[in-house]
Structure formats: C-alpha cells, structure tokens
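Chemist: Residue numbers (numbering that gives the first Met the number 0), protein chains in the order written: chain A, 0 to 365; chain B, 0 to 365; chain C, 0 to 365; chain D, 0 to 365.
No lab work stands behind these hints, which were simulated from the structure alone.
Just so you know, not all the hints are guaranteed correct.
A pair counts as met if it fits within one copy or between any two copies, since identical chains are not told apart.
[Claimed, not checked] The list that follows gives simulated cross-link-like pairs (lysine to any residue, SDA-like), each with its CA atoms no further than 25 Å apart:
id: 1; residue 1: K236; residue 2: T146
id: 2; residue 1: K96; residue 2: P197
id: 3; residue 1: K175; residue 2: G233
id: 4; residue 1: K56; residue 2: D84
id: 5; residue 1: K218; residue 2: A304
id: 6; residue 1: K236; residue 2: Q54
id: 7; residue 1: K96; residue 2: N237
id: 8; residue 1: K218; residue 2: K295
id: 9; residue 1: K43; residue 2: A304
id: 10; residue 1: K317; residue 2: Q54
id: 11; residue 1: K268; residue 2: R182
id: 12; residue 1: K96; residue 2: W27
id: 13; residue 1: K56; residue 2: F264
id: 14; residue 1: K268; residue 2: N330
id: 15; residue 1: K218; residue 2: D333
id: 16; residue 1: K268; residue 2: E220
id: 17; residue 1: K268; residue 2: K295
id: 18; residue 1: K317; residue 2: A61
id: 19; residue 1: K43; residue 2: K81
id: 20; residue 1: K275; residue 2: G213
id: 21; residue 1: K96; residue 2: W150
id: 22; residue 1: K218; residue 2: D305
id: 23; residue 1: K56; residue 2: D314
id: 24; residue 1: K361; residue 2: T282
id: 25; residue 1: K295; residue 2: D60
id: 26; residue 1: K295; residue 2: A45
id: 27; residue 1: K317; residue 2: H53
There are 4 protein chains.
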Amino acid sequence: MGKIPVGILGATGMVGQQYIALLEGHPWFEVRYAAASPRSAGKKYAEAVAGRWHQVKTYSDAVGALIVEDANDLSRAVKAVKGGDCAFVFSALEMGKEEIRTLESAYAAAGIPVISNASAHRWTGDVPMLIAEINPHHTDLIPIQRTKRGWDRGFIVVKPNCSIQSYMIPLYALIKAGYAAGRLFVTTLQAVSGAGYPGVPSLDMIDNVVPYIGGEEEKSEQEPLKILGTLKDGGIKNAPAPRISAHCNRVPVSDGHTACVSLEFAGPKPSIDTVKEIWASFTALPQELDLPMAPKRPIILRDEADRPQPRKDRDADKAMAVTVGRIRPCNIFDLRFTCLSHNTVRGAAGGGILNAELLKTKGYLS
Amino acid sequence: MGKIPVGILGATGMVGQQYIALLEGHPWFEVRYAAASPRSAGKKYAEAVAGRWHQVKTYSDAVGALIVEDANDLSRAVKAVKGGDCAFVFSALEMGKEEIRTLESAYAAAGIPVISNASAHRWTGDVPMLIAEINPHHTDLIPIQRTKRGWDRGFIVVKPNCSIQSYMIPLYALIKAGYAAGRLFVTTLQAVSGAGYPGVPSLDMIDNVVPYIGGEEEKSEQEPLKILGTLKDGGIKNAPAPRISAHCNRVPVSDGHTACVSLEFAGPKPSIDTVKEIWASFTALPQELDLPMAPKRPIILRDEADRPQPRKDRDADKAMAVTVGRIRPCNIFDLRFTCLSHNTVRGAAGGGILNAELLKTKGYLS
Amino acid sequence: MGKIPVGILGATGMVGQQYIALLEGHPWFEVRYAAASPRSAGKKYAEAVAGRWHQVKTYSDAVGALIVEDANDLSRAVKAVKGGDCAFVFSALEMGKEEIRTLESAYAAAGIPVISNASAHRWTGDVPMLIAEINPHHTDLIPIQRTKRGWDRGFIVVKPNCSIQSYMIPLYALIKAGYAAGRLFVTTLQAVSGAGYPGVPSLDMIDNVVPYIGGEEEKSEQEPLKILGTLKDGGIKNAPAPRISAHCNRVPVSDGHTACVSLEFAGPKPSIDTVKEIWASFTALPQELDLPMAPKRPIILRDEADRPQPRKDRDADKAMAVTVGRIRPCNIFDLRFTCLSHNTVRGAAGGGILNAELLKTKGYLS
Amino acid sequence: MGKIPVGILGATGMVGQQYIALLEGHPWFEVRYAAASPRSAGKKYAEAVAGRWHQVKTYSDAVGALIVEDANDLSRAVKAVKGGDCAFVFSALEMGKEEIRTLESAYAAAGIPVISNASAHRWTGDVPMLIAEINPHHTDLIPIQRTKRGWDRGFIVVKPNCSIQSYMIPLYALIKAGYAAGRLFVTTLQAVSGAGYPGVPSLDMIDNVVPYIGGEEEKSEQEPLKILGTLKDGGIKNAPAPRISAHCNRVPVSDGHTACVSLEFAGPKPSIDTVKEIWASFTALPQELDLPMAPKRPIILRDEADRPQPRKDRDADKAMAVTVGRIRPCNIFDLRFTCLSHNTVRGAAGGGILNAELLKTKGYLS
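Chain A on its own, in the form it takes in the complex (with noise of 0.2 Å):
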C-alpha cells in the first residue's frame, strides 16, 4: 500500500526545509508536492533551495526534482490533489498573517486540509490548536468547523508557539494526574533558531544575550489556556488557569529552547517524588497508538543536578522529548523545575508530524 502523498507549503523556508528533512523516510507520508513564493515558483525544489538549505540532513533526489509550484496558486493544489500527489498540505508559510489566515482558509475550502505551523489561525475560534500528547480530543472541532463553513474535505488545525511545548507537556500531566494548576513563572532562553534564518545578527549572539522576542512572551502566557480549554458551543473555552509570567530571552544556542519554571498548584500538593514518577510514568495518546513521530516517553527526567542542556538533550528520542531536571521546591510557589524541547522539532515540523499522524489514525486525512 503506497504512502500519503503531502504537499508543504512555503517549502523552501526554514520550516519547510525541516518538514523536508523530517519527513525523509517516513512510513506514511510522502512530499509530492511543494508550493512557495512565486520567486521560487517553476524552479526545481534543488535549485530553489540551493545556497539556502540550513538543515544538516539533506533531501532526497525525488523531492529535489519536484517542480516548485506558486503557493498563491490554488489551483496547481487542487491539480495536484486531483493527480494524487497531495492528501493534505503542511503549511509552514512565511508572509503576512492576514495573508496567511486567508490563503489557509482557502487551501480548506477547497478541499485541502491544512496542518499549520504559523501562527495566523491559532486563535480562530473553531481551530483547534494541538498537542497531540495534551487535547487530541480538540480534533472534535473539525466536523464543527466543516459544518459551519462549509467545507467537505478540508479543514485547519494548528501548533502553538514553539517557546511552551517544553513545560505544557509537564504541566498537562500534573493536572491529569489530579495536581491543578494555579499560577506558573517562566523563564525562557531560547535557542536563535527560532527567528528562522537570516533571523538573528550574529553580532547580537557573540558574547551576549538578548532579553525580548517580539510578542513570544503573550504567546507563552495565552495559549496554553486554549490548549487546556474545553469543548463548548462548536468552539473551546479557555482553561482559567494557570495564570502564567513569561520572561523570554534569546540566547547563543542553535537549536532547543531552556525554560525556568516556578508553579503553585491551585488545589492538593504533590511532593517532590510524587511530582516525579507522575512525569517518569506519563504517556498518552501518540505512544498509545505508537505513532511514528511519537518519543516512547514523552517526558525524560534527569538527576543530574545540571541538566537539561541544550546540546546534550535536545535530540533525545527523535528530538520529540521533553527533557526536564532540577526538580525541588519552589521558595514561594511549590515546585521548581528545568525543561527542554528542541524547537524546530517538536516545536515546529516534528510537532506538525505528530499531528498530521494523529489525524490520520482518526480518520480525517483520508
């Protein structure tokens, strides 16, 4: 049985790059089709990308002989899906977000379902924004938003911000395991490949820090209240809690994002040890299915006093796990703790991966 046939939209970015790079070898998805700008439209993928292909993986001959198509252009994907080389599309588009907003509601309309990285819909009302491992329920949402819309096939469904994805999935199973959450410091020092690429001058990453990321700090305290929401009237209700600060620092690191986190749990306490089998012992949904994207635990615990790092556990399990350490109490709030996740995996294309996967086993990509 052959595989599913994916096209990538803004495919010769940085996040497209990785999509590229991350779904090499995959045993049920295929990149058959690639969509851009019109400057790489008509080109091939490899001459499109060439002296700008950032990832240390490269792509296979057949992607790189793919005809790059004009992403505006919905009528070369509605071609391509008719043909066969095209069941959905990740969208990792780089432009303006009312630009994105529009043209990923168009992809859906006709009949293409979109999996996205950006960040233009994540606050649509009936988007659901997903990690696969936290709301797999909130897929509920695609009926409702076929329905409402009118769309047959189609459909959107997001990612959130790659700066939280290393203390939600810590956060989600605490609260699962019965320990709420009541308010939450964070402290993030986020690796430069975030900014994608050019992104950040090399001269503000020499022998320095830079304390601000534009609008990462909002992002980190408002969506893990739509990811912890509840279905409610064809759309989510936000979670009322955690209440959570966020200091957002980039630092000179490549890839994975460090996060601080202080958290004072709104209802019983869990000790210190308690705390740490709940995280050794979680798993949900992806590894139950045993998804392929899926690390085989989604939370790694580190004794070592100075652990996570960024080199040293960014990749652990595919670079899908969450690595945490440090854990002990908190002076004012209840518990103190380090996380890890590797940013432009599990926080970009791999996350988009897991949820394409976990769509596919729910029916809605074919």
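Since the structure of chain A is provided, determine the placement of chains B, C and D on it from the hints.
Modeler: This is chains B, C and D only, laid out in the frame that chain A set:
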C-alpha cells in the same frame, strides 16, 4: 600627599588580577603588597602571573616588580604594614572556606583591615556585607567587631555574591522610596567569568546553557536579607522580606550577569512611571561623596525593547552602573524587569574598591 | 581655535556609527553634518538610529540633534560647507559600488574632500589607497587628481580592506628595513562585525566557521600591491611583490581579524631576532607627527605562546595597534607569525580618521 | 556467532567514552571490559562516569554495569582475556607519555592486541600509524613486531593526530592517482573537543580564537611522512614529501576540525576538474571490504562557495567522511581547498574502530 598603600591577598588569581587592573591609576590607593599561595611566593609578580594573566588591561611595571609573599605567612604582611607598604588588604583568597575564614580573622587580629571578596565571612554575625549604595551604615559594626574581638585597627567587611548585584540596587531604591518588597522571582543568566579561570569548560558553553551553578541560588535568596537587615544587639537582624526564589543559569557570555525579575510589593504599589522615576533619579552615599569608583548614576534605564544586553551595557559608567530595562507590569506579581551588572567589576573587585573608598571617607582606614 | 567641522556620508550605517562614536571628543574634528539614505533624511540623528545603534559608546546630544540629510542630495552638503558645518566628509556609504563611485566623485567635484571607507574607488588610478604608516607619500596624487579632473578643493582618498591591516604594517616594517617580501601565504580568521549589521546570521556562527567571504581573498591579494606601489605618470604603479595567496574565513568573534602568515623574503633574510627588533622599534610618520589617532607603537609584540587573541589584544592602544605573536621560522618559507588588528577601528573608521589627521597636517583639508 | 569482546583502557575519559558510545550496537565488537585509573577501579562504570559523561548518546545498561578495573593492573586484563571477555583493547589512556608507552607494551607482551589512540607509540619504529584508507599495508609490520619483541598474539597499532585527518585522505587520493605532493601549507581551525574535558576554558573561547595548540603543528608536519612511508628493514621509512608548514588554531567550535590547504605538486599537475574527479570517485580498502565504520565515500565534495562548515558537515556519513570544498587554484602553489573532518569520530574513536575492523578482516584479532 601620598596614596594609601594597599595589599592584595590572592593577588595572582582571577579576582586578585582584577583588583590590580582596576587599581591602576586609582587616585587614593596604590598596590604595594601582593600575597598569594606558597607556589608563587618569592617570585616577582610578573613571573608569578606569566601565562595566566587574564585581564585585558595589563599591570604597571611597579606591580610587576613586587615580590609575591606567601599569604599564609602573616609576619610578611605585618612587616609590610610596619614598612608603610600596606595599610589594609583586599582579600581575593582562593582556598577552602574554613581556611579563608581563619586567615582573614588572623589578618584583622594583626591590625590589618580586610576588605574581602570571599564568601567565608558573609554570615559571620558582626561582619557587614556591604553594597555601598545600600547599607553603608552597617559599617557601624566595625567598632563593635573590634571591641568584641579585642582588635585595635583591624576589621573585616565583605561584599555579597555577584549574582545579586543587578537587582539589589533597583530593589533598594524602591524600598527607600516607600515601596516595600514582598516577594521576588529571579532567573539569572550568568557570565562564565563568575566561575574564575579555568572555570567553565568551553565544551559546556558552545551552543549550550547550563541550568545550574552550585550554591548560587541559596546565596541569591539569603544574602539580600542580611544586606537589608537592621543593626541590633551588636549584629545584623535579617530583613524579613523580600522572599526570593532564584533560578541560576550559566550562559555563553564572558562578563555581565543578566537577571529577569518579577516583584510583588508588600504594601503600596507604585505605577510603572513612578518606578522609572525612582530608578532614574536614585543616588546614594557613594554619589554624594563622589567616590572615585562610584558611578554617577547607580541605575541606568534603557527604553529600547531589547536592552539591557551584556555586551552593550556591562561596561556602563566604569562597569559600576546597573542597567535596567523591559520595565513592565507582571502578569502575576506587580512589576517585571530585566537588569544587568558587570559581575567581575561591580560584582567583585570594583565593588570591593568602592567599599574601601567608603571606609576611607568614614575614617576606618587611617 | 575651533574644531574642523566634519560630515559623515552613510552616517546611520554600521561604519557611519563607528565614525561618530570614535570622533566623540576628537581634538581636531567635530561631526556637524550627517547624511544617509532618503529613508533617514529629515529625521534627527537620534531618531534615525533608534533601535539600530550598535556601538557600545553612545553619541553626543549634539550629534543626536543633527537633522540627517539625504546623501544623494549634494546641494545639502554644499550648503553645509558654505554654512561652515562641513570642511570634508568621511564616506561610509552603503549602496551599489557604481553608485558610490559616482556619488563620491560628485562630492569631490563640488569641492568637498572625501575620505572614504568604501571599496568603490580603490582601483581608480589617481586615488591613493592609504595606510598612514605605509604610504603617506601617495597623498602626492591629490594635486594631480585635482588638476586632471578640474577639481579645486575636493579630492578622494580611500583606505584598503579590513582583512589586510594586520599583516601590511609588519610586512612594510620589514621591507623598509631592507628585507623585501617575495611570497606570502595568509589565512584569516575574521570577525563578524566586518560584515556589518545584520551581517552574518547567528545560525552560521554558533558552533561553526564559514570558510568563505565574498571578494575578500581577491582584495587581500591585490590591494597590498597598490599600497606598496610607486608614484608614476600621475598614478600608482603596483609593486611587483609580494605574491599573496589568501584563505579567508569567518569565525565567531565580534571584533578583531586574526591572520596566520607564512612569508618568504625576496632577497636577504633577517633572523627571527632581527624581525622582532624591527617590529618592536617600528614607527612611522603618524607617530612622528603624534597624530591623535596614531598608536604609540604601530606594532605590539607578544611573547606568550598563545597570543595574539581577539578578545585580549584587539583594543590595544585605542584599537589602532597591530599585535603580532608566534614569531617563528616557517617549515617552507622563511618566517611564520600570527597577527591581529581591530577590523572596525584600525580596519575601518579609526583608519579613516588617522588618514584625515595625516591629510590635515599636510594641509589638504584647509 | 557471538561478537568479539573488547576492552577499553581509559574507559572513563573523554575518548574512552567516545569508544563506548560508538561501539553501541556495533555488528562485530562488544565492550565487555573497562579499565581506568585506580580512582575509578572497583566502581560500576555507571558510577565511575556519573556527572562526567560528556557524550550525547548514552551507554547501554550492560556497559553501565561493568566493574571498572585498574588499567595498571595487567592481571585483571589477562583474567578477562582468559574468561573470554577481552580479545583486544582500545587504548584511550590519559597519563604521561612514558607511562602509556610502557603500559601499552606490557599489554601487548601479555598477548593483548592494543589499538591505540594515544600518541605514545606513534614514533616507535615498528608500530604502524594507520589511516585505514591510506596505509593498510603497514599492518605487515605486525608479524615483524611480534617476532622482534617475542610477542605471540599481542601487538600495537596507533592512529595519527586528529589535526591531519581532514587533509591526509584527499592528499593521498591525489598521490595514488599519480600526482605526487611536494609542499603543503595548512592552517587549521580546530574544535575544542580535541583538548578533552575540561579542556579549553570557556573564557578563552567566547568571542575569541587561540592561535596555538601545544605540539600540534609538529605532529601535523611530521606524522603524514610516516603514514605515507614505505616498509623497509622491519620498520617504516618516512616519505620524503610533502614538506608541510602548519598553523594550528583553536576556535569556538565543539566538534569538527577545519583545514585551509595550499598544495604544490612535485611532478605533474592535475587540473581542478581532475582533482574533483579523483576525490569524488576515491575509495579504498575499507570501502571494498565494506567495513561497518567505513564511510561509503571517504571524501565528500561540496560545490557551495561556503562549505565545508563544522556544524553542517562534521556528521557526514557516520562522521567518518571528510568533506572538501572551495577547490580552486592557488595564487602561489597549485591548488587551494578547505577540508573538514570530525575530530573525535574520524579523528579519534571512530578511526580506531575502523582500524580494528581492518585488523579483524586481516586476521590479526583472532
């Protein structure tokens, strides 16, 4: 009129070198005595530091020609005092805590004032832990210290850990203006020079962050309480607040500790504008006395969204000013900001020299 | 007597900012005219550089209050000259080479001396490419240039590329002492500030080296020949030697270009000791004239096995001295050494200012 | 059929850890014996490396449970041999050169083949210094070595220094194709992992380059001559060429040594295109034998102007391939290029394992 002759204990180590570099050309003090480990004793200073001088600035020929004495051999120091070559010492000793405590006490008992950078005596009851802008009145402990211990001219004062310098002065400025601090979250991004030389291996600092510095969080949480404490019963009664929770990280920065702070006031809450006004206009005793090492403004405010940054702000005003930026409301507490100070100048040798200048104007060094 | 009023073309760019930072407090020159792209024109300088001032030093209030003019609008400059606000300009223009060539010529034609940092006129026959310690006599081309082109007061001089500054002065000192250079291998390890801002992306400079800088090897091989050339027929006849082969690399260093050099003499071969003596004692016209920007010693020798190093040596003597170390025989040629100069001071704005000082003493700026 | 049991001397050090990480899952070899300093002896391997395991990959439970033996106690190794737990050893000893030389000889004398990463025996006359693609025939010294020293089963082979791996294979490919090398300039930009752990202090590698690595230039100049030498009189007669001049630098890169090379041929000179063809098509004995650790292509050519780069190219083909780029004529010699190899894999443990695989197929390990 001649300069006051100064000795350096631990003169060949990292902090000792900083004292020597910073004291070059000092209007009041002149290094005339250098002591270090037995390994260096008997060598000229220039020979003793050959191949391990890690400062950008170099030392004068006069200092290079000093014969290094054994710091353990108190008789040498006493002889230097008698010979008019040492009115007091800066202690930058690098040995076991217990040994330092004993040795510094011995110097003081021998009539030699000790202005120490070491942590050994920070929690000795009658030893003031000074930040010249905050608690200059704690020097009132010196006569008590002398009486209690039967010392005539000698005494010991210490300075606090380098990790807290960036937020203590802003915090104190608010307290002084009537806004008591209740609770404080701080995450530090600390420079490698804080660990001395060789210090942190480069393999741990290339494309990496280490989320742990031994003992640093405890110091960051406890030392502020002594500094803000009140004189009572011949000692210092710790301040009851603020309650502090610290996350300390090592980042690939040479000099300059950054701190991300969230602050809750205990009583009245100033507006953001009031906070800015208090900080921008703050001065204290070192400024009034126009001490040579004192920055014109202890606190420099930056309006840019992305400041302070270590490489751009650490050297502000002789590297003695604290730079504060990103002043904004906190989503949980009252106030959020990022601050930065030079850890080996303000946070080490520069802070020690400022303390000496203060002590001189108070008459303790004559 | 007042200072000479100076204009900066390209005043808001990286090199333009460096000129402004370095000219603060200059004893002879004062920035009174700032021109840049139309986008900045009409704004106060402080507004024009808000959020993109990349120097550690800041600009004066007087410079911040200057109204930025459109550099393409020559009439503004002419008006400034008439108004006594601009006796000559430093050109730090950032536009196409052809446009710069035309524009710089237009300024000169309008009677305004142009001391340029740009590469546009480096190979114009009657334009001297100056390193003040090496070829100050090439300024004799100025009267020829004026005559030939019918210019009265205006002229153009340029400075060479930043990659060659570290080895050209040591090389020249040897030539001057009678040891002609035959062939020279050089591998450079260049700082990112040489690429301007934003310049090199941080993703390319974290845990990485880029073994290529466009056009840099050609410049490194050819410019020395013009600098060492002789005046002939109203132009410069390139020196026939040394023959140079360059490998240029970008490394994760903010400022300071390092060069590893192997040199073969064409005639008599000095001993290593003779080389050291020549370099240690070398001075030239800028030192004799005691020009404000001139280093006391153009070449600083370091005996330590592991110097020069960018972070420790780049700032030597106002960042205008070249530091040389590792002087030893070569296994193939005659002499091996490593040298270093500050690329944005000696290699850019500082070198331009030194050239201006030289031109002033020669009477070309009055 | 079972795997060959392998011992590691110096198993807890940096290179020893690399052997253990790289041998995980090896199809032929299995680590069953671990020896280190007396300090580690008697502990489980997992305990012995607790807090100082510096590899990204971890070790297996089986290796973690091994009891570390004292490497100086030969009787333990002999016992392991008898017990079927050690057919040969990889030596990654970290002690004095003289001690290593004696100890490795003692292992060989006791019947245990020693495949060494240390430099101690590199210049022992009858000890081959192997790069498996270049001089596999030097293993013919093993029977001679055994006879001469009265050893039966034991022998010693070594691998060369990590700094030369990147250019030796390209150089040899040209020689093999009939283009003898005459003279060679090389400037290396070496990664910090080459200095072990803790190795280079981070204060020396943040915003800095160190233009010196003790002993490295001598090794880079001399070792190639032995590797390219011919067997004669029971030893190796060094090749007379190429004459090499090396400049070795330490740069802020974790793994991956870069080398900038200028090469002069001794006889016929190939065109640039011929050079590219020779390199692109080069294979040798390890490829013919399809050894598990052998890269498919020992040399990977990159056409991009700015490659090879450490972060992008070091891991090519199990980090065992050399990447070459910037192939162009030299302005003085004949050919210029930049090459890169992974210093701790190809240049250390990976190279040692490849040597062991070669020795196994030649029957020396049975």
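Chemist: Within a copy, between copies, both or neither: which one fits K56 and D314 at a CA-CA cutoff of 25 Å?
Modeler: both (14 Å within a copy, 9 Å between copies)
Chemist: Can you tell me if K295 and A45 fall within 25 Å by alpha carbon in one copy, between copies, both or neither?
Modeler: between (34 Å within a copy, 23 Å between copies)
Chemist: Cα distance capped at 25 Å. Does K96 pair with W150 within a copy, between copies, both, or neither?
Modeler: within (22 Å within a copy, 54 Å between copies)
Chemist: How do K218 and D305 come out at 25 Å by Cα distance, when the copy is not named: within, between, both, or neither?
Modeler: Answer is between: at 18 Å across copies they meet the 25 Å cutoff, but 28 Å inside does not.
Chemist: Evaluate K268 and K295 at a C-alpha cut-off of 25 Å and name the case that applies: within, between, both or neither.
Modeler: neither (27 Å within a copy, 48 Å between copies)
Chemist: Measure nothing new, just compare the shortest in-copy and cross-copy C-alpha distances for K175 and G233 to 25 Å and report within, between, both or neither.
Modeler: within (24 Å within a copy, 54 Å between copies)
Chemist: Is it within, between, both or neither when you check K236 against T146 at 25 Å Cα-Cα?
Modeler: within (19 Å within a copy, 69 Å between copies)
Chemist: With 25 Å as the alpha-carbon cut-off, assign the pair K236 and Q54 to within, between, both or neither.
Modeler: Result: close neither inside a copy nor across copies, 38 Å intra and 45 Å inter.
Chemist: My question is about K361 and T282: at a cut-off of 25 Å on alpha-carbon distance, are they close within one copy, between copies, both, or neither?
Modeler: Within. Shortest intra-copy distance 18 Å satisfies the 25 Å Cα cut-off; inter-copy 49 Å does not.
Chemist: One pair to classify: K317 and Q54, alpha carbons no more than 25 Å apart. Within, between, both, or neither?
Modeler: both (15 Å within a copy, 16 Å between copies)
Chemist: How would you classify K96 and N237 at a CA-CA limit of 25 Å: within, between, both, or neither?
Modeler: within (22 Å within a copy, 53 Å between copies)
Chemist: Is the C-alpha distance from K275 to G213 at most 25 Å within one copy, between copies, in both cases, or in neither?
Modeler: Between copies, since 22 Å is at most 25 Å while 34 Å is not.
This entry does not satisfy hints 6, 8, 12, 13 and 17, going by the numbered hints stated previously.
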